[in-house]
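K.L.:
Mind docking chain G on chain C? Use the hints.
Line order of the protein sequences matches chains C and G.
With the working numbering, letter number 2 in the first sequence gets 2, and the count goes up by one each step, no holes.
With the working numbering, letter number 35 in the second sequence gets 35, and the count goes up by one each step, no holes.
Worth flagging that the hints you see were computed from the coordinates, not collected in a lab.
Each hint should be verified, as a subset may be incorrect.
To be verified - Cut-off 30 Å, straight-line C-alpha distance, at most; resulting in silico cross-link-like pairs (BS3-like, lysine-lysine): (1) G:26 to C:57; (2) G:26 to G:69; (3) C:18 to C:69; (4) C:18 to C:65; (5) G:26 to G:56; (6) G:26 to C:65; (7) G:69 to G:56; (8) G:69 to C:57; (9) C:57 to C:18; (10) G:70 to G:56; (11) C:17 to C:71; (12) C:57 to G:70.
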Amino acid sequence: EAQVTQNPRYLITVTGKKLTVTCSQNMNHEYMSWYRQDPGLGLRQIYYSMNVEVTDKGDVPEGYKVSRKEKRNFPLILESPSPNQTSLYFCASRTRQGAGELFFGEGSRLTVL
Amino acid sequence: SQQGEEDPQALSIQEGENATMNCSYKTSINNLQWYRQNSGRGLVHLILIRSNEREKHSGRLRVTLDTSKKSSSLLITASRAADTASYFCATDTNTGNQFYFGTGTSLTVIP
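Same shape as in the complex, but just chain G:
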């Protein structure tokens, strides 16, 4: 399987703290994306980083990509209770047709 893995599987932090989750993948990629899923709901796109980019920011989100290590990290700064969700990374192949999702990190932000 080419599925990626995320670390940690679960993370619990206090409101206001930063949350960092990591994603590792197995093959060369075209892009890497991060998605958020509220319990049992559909996934919502957060941010996309291309294979030739190393870092990207969007609001309170910061994503890094290290293609030599086949890994990415998502940092959520100044977390809020509403950030409580599962977060998944997803990679697509060079054709852009097949997507491989990580196993997800469950984030709980305690008010």
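Excised from the complex, chain C in its bound form:
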């Protein structure tokens, strides 16, 4: 089954404790991206990756890092989480060529105390 898998789905952590949210897709997609969703603000793009070792900033990259060492994986790293990073995070992928739909994971709800 074609899917995008995120882990963990739920996480409560404390300020400053580094964490990683993993994202994996099994569709051989070149393009992957991360979004955060906050009430009243819709989804905002954090980072995206066009292919292995190619990443770029989205609209709200501050406080986040990403890496793309393998085509299927695109982890989101919060080096020193702060309460304003409490949010619902989504990973998505699509084929690189031309137009195409984004395939979303089920989301990771992060709370930073």
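P.N.:
Same frame as chain C, but now just chain G:
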């Protein structure tokens, strides 16, 4: 911010009625897409319309695009209780790499 806006923020209708939601965006686009999100779940793609298209249909969905007004509308005909969800428009830039989502319309269909 280049984020779009959707209107209305919330919409409540009776089953069988049509639902119309609108999306406005700020910059030139490559494509515009509509997504659906059930409460707290991942988004699911509904329909894509290219910047050189004006109207597109898919089942009970009809999307229009007016690039001169930088706006789009999504019409869901003969709504069902199962259509209850939030609906988001998303635009991508000419490079196709950056996506901007609207703030969403919360649709409730009353059985």
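K.L.:
Does each hint hold? Answer for all of them.
P.N.:
A quick look at each hint next to the structure:
Pair hint residue 26 of chain G plus residue 57 of chain C holds up; C-alpha atoms about 19 Å apart against a cutoff of 30 Å. Simply put, residue 26 of chain G and residue 69 of chain G have alpha-carbon atoms about 10 Å apart, close enough for the 30 Å limit, and the pair holds. A distance of roughly 20 Å separates the Cα atoms of residue 18 of chain C and residue 69 of chain C; the hinted pair therefore holds under the 30 Å criterion. Restraint check for residue 18 of chain C and residue 65 of chain C: satisfied, since their Cα atoms lie roughly 11 Å apart, inside the 30 Å limit.
For the suggested pair residue 26 of chain G and residue 56 of chain G, the alpha carbons sit about 21 Å apart, so the restraint of at most 30 Å is met. The suggested pairing of residue 26 of chain G with residue 65 of chain C holds, with an alpha-carbon distance near 27 Å, which does not exceed 30 Å. For a cut-off of 30 Å, the pair hint linking residue 69 of chain G to residue 56 of chain G stands: about 17 Å separates their Cα positions. Distance restraint check for residue 69 of chain G and residue 57 of chain C: the Cα-Cα separation of roughly 28 Å lies within the 30 Å cut-off, and the hinted pair is therefore satisfied.
A distance of roughly 20 Å separates the Cα atoms of residue 57 of chain C and residue 18 of chain C; the hinted pair therefore holds under the 30 Å criterion. Simply put, residue 70 of chain G and residue 56 of chain G have alpha-carbon atoms about 16 Å apart, close enough for the 30 Å limit, and the pair holds. Note on residue 17 of chain C and residue 71 of chain C: the hinted pairing holds, with a Cα-Cα distance of about 27 Å set against a maximum of 30 Å. At most 30 Å may separate the alpha-carbon atoms for a hinted pair to count; residue 57 of chain C and residue 70 of chain G meet this at roughly 25 Å.
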